[in-house]
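Turn these sequences into a full structure, and let the hints guide you.
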Amino acid sequence: MSKVFIALQANEETRPVIEAIEADNPHAVVNREPAMVKIDAEHMLTINRESIEELMGRPYDLQELQINLITLSGNMDEDEDSLTLTWNE
Amino acid sequence: MTTTAANSGTTAKTPTAKSGAPGAKLNMKDRYRVMTRDLGWEPTYQSREAIYPYVEYEGIKVHDWDAWEDPFRLTMDAYWKFQAEKERKFYAIVDAHAQNNGHLHITDGRYLSALKIFLQAISPGEYAAHRGFARAGREFAGVGTQVACQMQAIDEIRHAQTQVHALSNYNKFYDGFHAFADARDRMWYTSVPRSFFDDAMSAGPFEFMIAIGFSFEYVLTNLLFVPFMSGAAYNGDLATVTFGFSAQSDEARHMTLGLECIKFMLEQDPDNLPIVQAWIDKWFWRGFRVLGLVSTMMDYMLPKRVMSWREAWNIYGIENGTALFRDLARYGIKPPKGWDDAEQAIDHMSHQFMLAFHQWNFGTSFHTWVPSDEDMDWLSEKYPTTFDRYYRPRWEHIKKLEAAGTPFKNVGLAQLCQTCQLPCVFTEPGDPTTLCHREVEYKGEHYHFCSDGCQDVFDNEPEKFIQSWLPMPHLFQEDLAGSVPDWMQWVGLINDTDNGEYVGSGDEQNFTAWRRQTTSNS
Chain S
1 MSKVFIALQA NEETRPVIEA IEADNPHAVV NREPAMVKID AEHMLTINRE SIEELMGRPY
61 DLQELQINLI TLSGNMDEDE DSLTLTWNE
Chain X
1 MTTTAANSGT TAKTPTAKSG APGAKLNMKD RYRVMTRDLG WEPTYQSREA IYPYVEYEGI
61 KVHDWDAWED PFRLTMDAYW KFQAEKERKF YAIVDAHAQN NGHLHITDGR YLSALKIFLQ
121 AISPGEYAAH RGFARAGREF AGVGTQVACQ MQAIDEIRHA QTQVHALSNY NKFYDGFHAF
181 ADARDRMWYT SVPRSFFDDA MSAGPFEFMI AIGFSFEYVL TNLLFVPFMS GAAYNGDLAT
241 VTFGFSAQSD EARHMTLGLE CIKFMLEQDP DNLPIVQAWI DKWFWRGFRV LGLVSTMMDY
301 MLPKRVMSWR EAWNIYGIEN GTALFRDLAR YGIKPPKGWD DAEQAIDHMS HQFMLAFHQW
361 NFGTSFHTWV PSDEDMDWLS EKYPTTFDRY YRPRWEHIKK LEAAGTPFKN VGLAQLCQTC
421 QLPCVFTEPG DPTTLCHREV EYKGEHYHFC SDGCQDVFDN EPEKFIQSWL PMPHLFQEDL
481 AGSVPDWMQW VGLINDTDNG EYVGSGDEQN FTAWRRQTTS NS
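The listed protein sequences derive, respectively, from chains S and X.
UniProt numbering puts the first residue of the first sequence at 1, with every later residue one more than the last.
UniProt numbering puts the first residue of the second sequence at 1, with every later residue one more than the last.
Any given hint could turn out to be false.
[Said to hold, decoys possible] For lysine-lysine, the following DSSO-like pairs were computed, each having C-alpha atoms within a straight-line distance of at most 27 angstroms:
#1 S:38 to X:263
#2 S:38 to X:89
#3 X:81 to S:38
#4 X:304 to S:38
#5 S:38 to X:382
[What the hints assert, rightly or not] Take a look, some chain S residues computed to stay more than 12 angstroms from chain X by CB distance:
#6 15
#7 18
#8 19
#9 22
#10 23
#11 24
#12 25
#13 26
#14 27
#15 30
#16 46
For the record, the hints were derived by calculation from the structure and aren't laboratory data.
Glycine included, each C-beta is placed from N, C-alpha and C at the ideal position.
Structure below.
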């Protein structure tokens, strides 16, 4: 099975985002590299707005991710509630 | 009360808001529809064919342009907001870098060579991509595509500008940065990315999207921007990390656009498959050759290294590329033709290319050096099957000659590949002791190639590639008449300053002296 991934800059804004991704995707592997965090997951990864808002304590627009996004891999789909990455096999 | 950036997040909770009512907010999908599709119209004064003359001549059949959708669903209003925030962050950090002697915080002056190659070879490519996407946005017939290309055109010029601004701080203190624009057009190693982008920009709009949007962005930029920028962070280079990650935040959108483009073509008509496959084969190999430059930066020029070129390839080439092509197999797409040759080359290319740079370093606007014993041990560990066997003995030999005061300089000119324009310094797949060289006769002229991949590209489009401008033949043309000093002036290279060995260079002396001053008052 193929892995999707997303990499974010390592900073205060992304800390709760990464925490939310970890909580919502127990199969994901978080790699902390210099200045960045790369999260790999078999087949699919989901980022949920509500989980991030819960940790941030404020409303969050998923498009804000773009500011700290470094790279991603997989077929992407985004609406206001979630962003998913998947490979079809 | 919400922050501006959180508006759509908040509105998602109030689905009762009616569109059209004052203050009502649309959800993301509706907003995308209104702010992209609804901006288009059916022309009546002119035919669609007259307005979009280039969308059909490549043979790609499109039945429904509306099937093209940006999965980020980014609209221009949100685009400006997020890009403005990226720019504010970027310039705050670049100011801090300049105000805090950022040029002395790098691990070692050798690191500057990687930045010089970046500025000479990559940043002008960003500008070329800007021009290319401005054109593609005009030539594509669908509104979703046009808007996405417009954003990418603006992104690319932002990348060129932020890179020039960030690196201008280094230009105040070090040699070799000043003539990057001339180098882009004239220097032998920068003609490699130049020819890549010129080839893409002179292709049709769909091929351009495969070249830049798919091969370069999706398959290859991860190798350039992600581990190299992480490496810049490791080497204390605040300015480069900042422009790199700021650019890469756009690249994620570009990669998505590239992948969407390829799926769009394949879903529109089964006749598109062979055309798309041929472009994938061509542009994978073209991109792979450009990345030869990056392999030397990662294995040889970062004083502190995050991962080897081989390790980066394993993650972003093999793992990610395999996943991608496995996904596209449902359309009948196969991995690129040069995939196996590329895999064979990975453990050799940085060494072969760096040895070439070193022997021709009188003609490079950056410094080179023989790797230290510690660096060679690192290379042995990272390349256990190749470095000690094929490359350490050569470096040891070069080191001995340099110690004896009789350094080897290759004053002959390199045989260039007609397609990728790299010197033919690479070896046969599966046989690292035999130089790879291919030759083709076309209309009475001989053309030379570094690999089967590059020969294939030529064979498919000979009339395009016989027109290639090559830097070595130019040296013997009228204006330069074979004079190396005249050539140096023409490419903006200051002899004994910008070029040659790092040890003993002005950059080394200044970096060492200035760094000493940071902890001393004398």
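Any hints this thing doesn't respect? Which numbers, in order?
-> Of the numbered hints given earlier, the structure breaks none, since each of them holds.
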